[in-house]
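Assemble the whole structure, with the sequences as input and the hints as a guide.
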Amino acid sequence: MFNALKSEFTKTLTLRSTYIVAGAIALLAVLIGVIVAVFADITATPGVENTDVLNSAVQSTVSTTIAIFAIVASLSILNEYRHGTMAYTITASRSRYTVFITKIIVTLACGLAVSLIASIFAVLAATIGLAASGGSVSSQAFDVGGLLLHEGLHVSFYILVGLFLGFILRNIIIVIVIIFVVPAVENLSSLVLKEGAQYLPFSSFGAVGRIGEGAADFGVVLVAFVYVLALAAGALVLFVNRDA
Amino acid sequence: MITAQNLTKSYGTKVVVNNISFVVEDGKITGFLGPNGAGKSTTMRAMLGLDNALGSTLYDGVPLTQHESPSKVVGILLDAKSFHPKRSARNHLKVLAQASGIPLSRVDEVLTLVGLQEVANKKPGKFSLGMAQRLGIAAAILGQPKHLILDEPANGLDPEGIHWLRDFLHQYVSTGNSVLVSSHLLSEMQLMAHNLIVIGKGTMIANQSMESFIQSANTGAVFVRTTDLNALANHLTERKIVWVGERNGIKVTGVTSDQLSALLFELGMPVLELAAENVSLEDAFLKMTANAQEYRATPGGQA
Numbered sequence: 001m002f003n004a005l006k007s008e009f010t011k012t013l014t015l016r017s018t019y020i021v022a023g024a025i026a027l028l029a030v031l032i033g034v035i036v037a038v039f040a041d042i043t044a045t046p047g048v049e050n051t052d053v054l055n056s057a058v059q060s061t062v063s064t065t066i067a068i069f070a071i072v073a074s075l076s077i078l079n080e081y082r083h084g085t086m087a088y089t090i091t092a093s094r095s096r097y098t099v100f101i102t103k104i105i106v107t108l109a110c111g112l113a114v115s116l117i118a119s120i121f122a123v124l125a126a127t128i129g130l131a132a133s134g135g136s137v138s139s140q141a142f143d144v145g146g147l148l149l150h151e152g153l154h155v156s157f158y159i160l161v162g163l164f165l166g167f168i169l170r171n172i173i174i175v176i177v178i179i180f181v182v183p184a185v186e187n188l189s190s191l192v193l194k195e196g197a198q199y200l201p202f203s204s205f206g207a208v209g210r211i212g213e214g215a216a217d218f219g220v221v222l223v224a225f226v227y228v229l230a231l232a233a234g235a236l237v238l239f240v241n242r243d244a
Numbered sequence: 245m246i247t248a249q250n251l252t253k254s255y256g257t258k259v260v261v262n263n264i265s266f267v268v269e270d271g272k273i274t275g276f277l278g279p280n281g282a283g284k285s286t287t288m289r290a291m292l293g294l295d296n297a298l299g300s301t302l303y304d305g306v307p308l309t310q311h312e313s314p315s316k317v318v319g320i321l322l323d324a325k326s327f328h329p330k331r332s333a334r335n336h337l338k339v340l341a342q343a344s345g346i347p348l349s350r351v352d353e354v355l356t357l358v359g360l361q362e363v364a365n366k367k368p369g370k371f372s373l374g375m376a377q378r379l380g381i382a383a384a385i386l387g388q389p390k391h392l393i394l395d396e397p398a399n400g401l402d403p404e405g406i407h408w409l410r411d412f413l414h415q416y417v418s419t420g421n422s423v424l425v426s427s428h429l430l431s432e433m434q435l436m437a438h439n440l441i442v443i444g445k446g447t448m449i450a451n452q453s454m455e456s457f458i459q460s461a462n463t464g465a466v467f468v469r470t471t472d473l474n475a476l477a478n479h480l481t482e483r484k485i486v487w488v489g490e491r492n493g494i495k496v497t498g499v500t501s502d503q504l505s506a507l508l509f510e511l512g513m514p515v516l517e518l519a520a521e522n523v524s525l526e527d528a529f530l531k532m533t534a535n536a537q538e539y540r541a542t543p544g545g546q547a
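Quick mapping for you: the protein sequence lines, in order, are chains A and B.
Under the numbering used here, the residue at position 177 of the first sequence is numbered 177, and the numbers go up by one with no gaps.
Heads up: take any position in the second sequence, counting from 1, add 244, and you land on the numbering used here.
These aren't lab readings, by the way, just hints derived from the structure by calculation.
Hints are not guaranteed to be accurate.
[Claimed, not checked] For each label pair, taking beta carbons as the anchor points, the in silico distance ranges come out as: (1) B:T309 to A:I173: 29 to 37 Å; (2) B:V259 to A:S63: 35 to 43 Å; (3) B:Q452 to A:A67: 56 to 64 Å; (4) A:G146 to B:V259: 54 to 62 Å; (5) B:T309 to A:G146: 42 to 50 Å; (6) B:T447 to A:S63: 53 to 61 Å.
In this text, a Cβ means the ideal position worked out from N, Cα and C, and glycines have one as well.
Put into structure tokens, the structure is as follows:
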């Protein structure tokens, strides 16, 4: 397992595209951080300052870049099939289960690391933007623990969904369509389903970022977990039993 | 020793590998032949557990997944282009080495061995087929495995590369290792392999030594040319010896070249040409697989 992990990390770190995507996400985070800070209505209510700018910078960064994480996670498995390296990956390991678990660990670790770095960039950019627009950084209610938990889970869910869809579908076009189109369809369906729409897959993943903000959210988060577990089970069964 | 037992693989109702069993002996190169679509690659993938098939394959009596480090038991080359085109050759091998706990020093050793040290840091996406094959061979031998399974390793190699591959494989098996290698380069296979497995339409056609396979297609005919073919033909008919006119001579079966030469001497006929039929692997292969061609081209010139 340790050898497989080392190899998977090397796979990720020896491709220039890894750094290009990570750099692009960091750049996007800086842009989002500045925009959020500059355009934040700091004094919407006279005498009351908007203290949520830094939190918003992180949340906006995550929600804007999250689809990229899902697609890159999917590519981590699909590229192996596309370039024929899956044969090496499987024969080097004694079990396909090990390959499956290794992929999850490495994809999650790399994705979360990039997401964390991007969030830090967003906060730094927002801090500078805030100072430039006359806001007070010290008055910001920056909930580090809450953000790490909520946004960390949010990103993790998307990474896992992208990865499992890759295992199941083996087609990046279909994965991209699902990741971009299904959330839009879910949003539209809320016109009909009203409150029930929050239990749809991608809507429920979004609720993960709001754990603890209301008792009603807990049920939605539970549904999100069930979706991910179902995808994981489907992905594992197909990966183990299908031709490589 | 690799022992494949009752390998069967189907896609829907189409059986592409049908109950094939064979042994790849230690110390020998076993050639794996068959027409296009015969099921060679599928058989190799099934042997490695890449395709889910019925039957089993044992490596020295043990399934591959039960070996401590499978890459040190069997090295594979299934597709020359099995690499990420943007990851350098050295990093590609580094990934494979790490996955199997192989020391990284081995990466440069195999790159030197296959002659790719000059392009080790280049991205293999633009490698020629021959260079890609060399990288594939480097990957296969990275873990110094006891067994090699190579699918068309000579494709795209230049003459020097083919010569190197032949020598390398002969040396590889000389220490008790085994090699299963498929190829459509039959003249090369004839020089390379000790044993042959031939399949067609997913079923076993032959599983024997190279020599006996070629001999099995040999009719034992002798070609003879002399000054009076009609007289010779009459004498052969009188002696009930089977013959057939061919080009500007006669092809005789049922007698050896020694016997035929003695007969010509007895008849006082000069021998202008006398040659025992020399069957090649290609002749034998085409004869054996005549009814097992999945895809058959239109005869030449009928475009």
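Between T447 (chain B) and S63 (chain A), does the beta-carbon spacing fit 53 to 61 Å?
-> holds (58 Å)
Has the hinted range 56 to 64 Å been met by the Cβ atoms of Q452 (chain B) and A67 (chain A)?
-> holds (59 Å)
Beta-carbon spacing of G146 (chain A) to V259 (chain B) - inside the hinted bounds 54 to 62 Å or not | holds (59 Å)
T309 (chain B) paired with I173 (chain A), Cβ distance criterion 29 to 37 Å = holds (33 Å)
With 42 to 50 Å as the target window, see if T309 (chain B) and G146 (chain A) comply at their CB atoms.
-> At roughly 45 Å between Cβ atoms, G146 (chain A) and T309 (chain B) fall inside 42 to 50 Å, so the hint holds.
Using the C-beta atoms of V259 (chain B) and S63 (chain A), is the stated range 35 to 43 Å upheld?
-> About 51 Å separates the Cβ atoms of V259 (chain B) and S63 (chain A), which means 35 to 43 Å is violated.
Hint violations for this structure: number 2 only, all remaining hints satisfied.
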